[in-house]
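Throw the hints in and build the complete structure from the sequences for me.
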Amino acid sequence: VTDLATDYLGLKLAHPVVASASPLARQFDGIRRLEDAGAAAIVMPSIYEEEIEAEDAAFSSLMEHGTLAQPEAAGYFPGHSAELGSLEGRVETLHRAAAACDVPVIASLNGSTPTGWVEFAHQLEDAGAAAIELNLYRVPTDPARTGEEVERDWLETVRLVRNAVSLPLAVKLGPWLSSPGNFATKLVENGANGLVMFNRFYEPDIDLQTLTPQPDLKLSRAYEIRQPLLWIALLARRIGASLAATSGVETHEEVVKYLLCGADVVMTTSSLLRHGPEHIATLKSGLVDWIDQRGFDSVADIRGRLAAARLAHPEAYVRAQYVSILTGYGQDGK
Amino acid sequence: MTGAAMATETMDGNTAVAHIAYRVNEVCCIYPITPSSPMAELADEWSSKGIRNIWGGIPVVQEMQSEGGAAGAVHGSLQSGALTTTFTASQGLLLMLPNMFKIAGELTPAVFHVAARSIATQALSIFGDHQDIMAVRAAGFGMIGAASVQEAHDLALIAQAATLKSRVPFIHFMDGFRTSHEVNTLTLVPDEAIRAMIDDDLVRAHRLRALSPEHPVVRGTAHNPDTYFQARETTNPYYAATPEIVQTAMDRFAELTGRAYRLFRYEGHDAPERLVISMGSGAEVARETARWMAAKGDKVGALQVVLYRPFSTADFLAAVPDSVKSIAVLDRTKEPGGTGEPLYQDVVTALAAAGRAVRVIGGRYGLSSKDFRPGMVKAVFDELAADKPKNNFTVGIDDDVFGTSLDFDPDLDIEPEGTTRALFYGLGADGTVGANKNSVKILAEEQGRYAQGYFVYDSHKSGAETISHLRFGGAPIQAPYLIRQASFVACHKFEFLEKLDVLGAAAPGATFLLNAPHPPDEVWDALPRSVQAHIIDKKLKFLVIDASGVAQELGLGPRVNTILQTCFFAISGVLPRDEAIARIKASIEKSYGRKGGAIVRRNFAAVDAALAQLHEVEVPKEVTATSDLRPPVPADAPDFVRRVTGEMLAGRGDAIPVSAMPPDGTFPPGTTSYEKRNISDEVAAWDPDICIQCGQCSIVCPHSVIRTKYYEESGLEGAPDAFPSAPINARGFPGSRYTLQVYVEDCTGCALCVENCPVNSPTEPGRKAINLVDKRPILETERQNIAFFETLPLPERSRVNFANVRGVQFLDPLFEFNGACAGCGETPYLKLLSQLFGDRLQIANATGCSSIYGGNLPTTPWRAGADGRGPAWSNSLFEDNAEFGLGFRLAIDKQTETARSLLEGMAGEVGDELVQAILTAPQVTESDFTAQRQRVAALRTKLEERTDEASVTLLSLIDYLVRRSVWIVGGDGWAYDIGYGGVDHVLAQDRDVNLLVLDTEVYSNTGGQSSKATPLGASAKFAAAGKRVPRKDLAMQAIAYGYIYVAQIAMGANPEQALVAFREAEAYPGPSLILAYSHCIAHGIEMRDGMKQQARAAASGYWPLFRYDPTRRRRGENPFRLDSPRPRLKLEDFAYRELRFRVLTKLDPEGAATMLRQAQAAADERYRNYEDLAGRDGSRFLPNWEQP
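Taken in order, these protein sequences are the chains called A and B. Position one of the first sequence corresponds to residue 1 (the numbering used here), numbered consecutively onward. Position one of the second sequence corresponds to residue 1 (the numbering used here), numbered consecutively onward.
Calculated directly from the structure, the hints in this document are not laboratory data. Every residue gets a Cβ at the ideal spot worked out from N, C-alpha and C, and that includes glycine. Treat the hints with care, since some could be wrong.
[What the hints assert, rightly or not] Which bits of chain B does chain A cover? Going by a derived footprint, with three or more residues having C-beta under 8 Å, they are:
| # | stretch |
| --- | --- |
| 1 | 41 to 55 |
| 2 | 428 to 442 |
| 3 | 450 to 462 |
This is the structure we're talking about:
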């Protein structure tokens, strides 16, 4: 029997395929469906502090609109609905899911203020999250701010949350850094137990009819695994934290590649949105077949076989690849 | 009793009563009606939160379809052994009357909690008096009345204890609004004391009397002349015992709480000679005034009748001091034609029976919450001292017709020194009332401090003015009347200074806080003369802040509440500043704390900004302003408008004498045009360059402020320079010009027009052909433009294409500038109705939003057109509207028949050709009507020359020769619930009536209660966790009849279809029903998106558009036409844009998801059903035979 067990953030998982943050995991039913489909762990969609606040502000404004303005109607909604905040509903779903699921349910958080990060994290911990994934993404729109300043804020955020909760913390980061490895190391120093690589970002298109920016997020494709693959290979076994690979997982092949480079778990959203939660089983059986066919026994056997740490000169390895691409280009007739 | 248990709290009368009623009952059967609705809503809220009654159970709250239904359910529940109550008022209580006789006749313990309110007579009024309770006094209910919030709380419990013991059911009443909505400090009865007041043996006895198959009895039999009478006399001993039972309950209550009550409560001089007797909140004014006068040595006293029924003559006589020589009995009701009002008659009878020789006069006061104040009580005492005091007097008005009124000093001030009085003038939308309610709580938080808040609103739903009256001090506040001398006056909207006498009630030396857009050194020059004069003469301390600017900066929108509340505390010094700030911040956290940090932070910032931006103004010694208050209506307005409407608008309605009022409730139409409300700083502005003249903005404008005309080029002669005009783009009008004029002073800035405009500027993203702009810079220009626009001729109706939106924009709306919510979804339909058929339109309007914005004084929007013709509008009641409208039709049909038959007989006299032409004329199209009106005019000329009986009679009926259009209009509360029986019956008649249901799917007017039109999965009051069953398909019910024209429309989805439906319904000679989807503030949407939401409602299959036309069946065609395409949006994409659906995703995410799935399935299936219908062969529908 092939042993697929893996460890992520100190959580014992039956296998490495994790359902990452997606609309599928927004509601209790969806989370149960992902569990039934065999997800080793489930990450709930990010709770965005700004979104919660905007939603609360919109709710309050709509709720207050017309209240106490005329003698017959003091308001238009049942009294206690005004007391509800947007966070409570999400936390309640987490609470129910955490209680009902056998696999770990991981909460994801994107704060905008120090208080928000800490308060929200407390609530997620209280609701029974197995771990918290900190979604650090934010567009640094101010050109006057240096990368160093931005990174310092992010590290400070991780430290704040680390001090506030005792849960395992993962940090989901983006690749656009001058020195991702260095920043990853600092994240771990500041309390991250794991890194999720990489976040995909909102990059709006323009609608030429209405002359307005069009927000839409395209599902990831298999070719997008390259960058995370590289950085997982470079960081695996070198920074003392779990590594989760995300982006571009379409078939078991991407799962295998990530594991070979040293990922502890492999996360997918796009493939599940395309094929349904049942696709988890396909990825899993593909992984088993591959391991069996290659004569390995377990995930542990293959994990990190191609990690840079196992190679003598990783810098040279990376550069060599770069050079070989350039020099090799066109040689096969392309 | 522990200290904590006896702690004081502040709440309004409704809360205070509901607190008790909820705890001592198991079932509440209710129906919303102002001002009692909050009691039922609170009970529902507590029930859904799982709050328990004194037996540990959670009471059931059941909303019914009417008060008649509620009373039936109460009766049934009582007969089945549950302790049951209801909350109601006014018409609601009247509808309960038949069951009340039953409940009392069967000796069933129950308490009905009533917020006493006026009855609709010459006019409806939602405000307080005793007409309702007096109208039901024969039912056999005990009646116990509270004078204050504390009394209402206490007597609710005493009544419950007494009813269980006596078996006589009780009405427990407080004065509507004055007590039900007054916030005051009171001491709550602890739960242990409530428990101790209720004898469980009596509860069990009640249960044992219930119907049960285990020990069956028969109740509700029919008697014959032999026994009915005797059986009716059996209950006398119960009624005889009741007063003592009530007093015993009062005594027990005093033991438990320390608050003692008597059946008749006397206050005043030890040996009074003059006595005033009254009930309700007026009794508190009377006793405070009597005390004040007695302290000055006047031998006066006041007697409050606490237990009115059964009237205990013995206790009454014992309570009237022997020294009394003359008595005035004050009734807050009117019994036209009687020898006096009811309480007066009881007093006279009781005294006469005892042979007490005391002079008694009776009088009326305080109808419809007319402020009843100490000066009026003193006037009554003074009258008692007169040689020949007036009987049947009135006090509080100027009755210059029948001379009943007493003169009084409106400013008599009897309030104790320690009471601080503050007045706040605010806007409904700015949060002033909410902030003041909060201030009352803060002020009374500490033991030993007392506060009172009372809130006066105007009748508009948009841009409404609110006046908050706050008192506080170290002693209980016993002053249930408005403040006339305030030591603090705040004006939260600068423009009020130009139309209301804001500082009229400022006491000398008072503080005046003004929210103004002007800096401290410029504000003085912006004030009107009389305001400056008040400030100087009364030596007011004057402070100013630009709260609106601060609120905008902080992202608080129009909500200036926190800022101005902070200023109030900072200036008034009622609390140490730091303590006040801390308490305001604590209450902000309490209100918004659960909702993330941003709102709390913004409000905290508002508190801090308030202190930084508040400035004292150095007051000059002289009045410098040249302008003064704007006249409320133009000087050239008709006499009635100036004398009556204008006075009401200026806030001086109380001084209008009886002679100025019509005796029968008849008012001139169209007075909204004189009230330039200017409620929005942003108004619509037209861009002639890119406009395609489609009429889409005009048709959706809820307030009829977008008018269009086309005219000859030469019409522009003498136009102001800025008058906008464009060549008309319709074919067949060469050389004609087109102008779209926005009536900017009436525009509410709702932006429905902007959102509905199909044009997108090719060069400027987001710009439409109509856009919102700042009003101030364009106001003067636009005034001139409007004046010129009005001189342009109205487009000829017969040249207008009625079949499309582009054409209809040119029809003069005979419904304009209504006070509905900005962006209302109902009013565009009414405006369209007035445009299409206004000159021959007769409307029966059910009570609800449409009767309020349609008929609430001071000004009303239905008006006559240029030819003097226009909609004749009336509101009867809520429940009877379909029948009321059918009555119109019956009378019109009968009189038309008489007119036609008279005409037929006069062919010889007036000419056979004319007679035949009139009798056979088709009356469908506009040109038909133009021709018929000409014929009728010719006939009139001929008849006017004649003096014979037939001619004179025909002349009086001549108008009926033009076909009249009867429309029966109301909301879903009427059509689906309370009036459904009538709607069904009227539709089932073969009469030409048109029912228009403005379907907001919820009780909008009374504040969002669930109706049978409320959809599955929407949250509403009484369906807080989401309605669990789908909405009633009223259209399909009507279609089942086969011969009713039925249409389901949504203007925002397809205005052309709406237009066709209106015209087909009107033309159909039988009954018609139009269900018009109306977005509403109660849906929790940005109102500017209302029409888009309508479009989504149709596109998602939630609100399919269709028409069922029986005339097509007659022709053998399929009568059912499905006008909206297959759903192309998910229900979610419509529903989750509305708070009513979305709120459940927070309250109960999983439940919301389940309900959404169910609702989607229901919508899908409903659409499939309609599709099946639309696909059938015509023969598969009920036959619809030609009329014989």
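Violating hint indices (sorted, rising):
Hint check: nothing fails, all pass.
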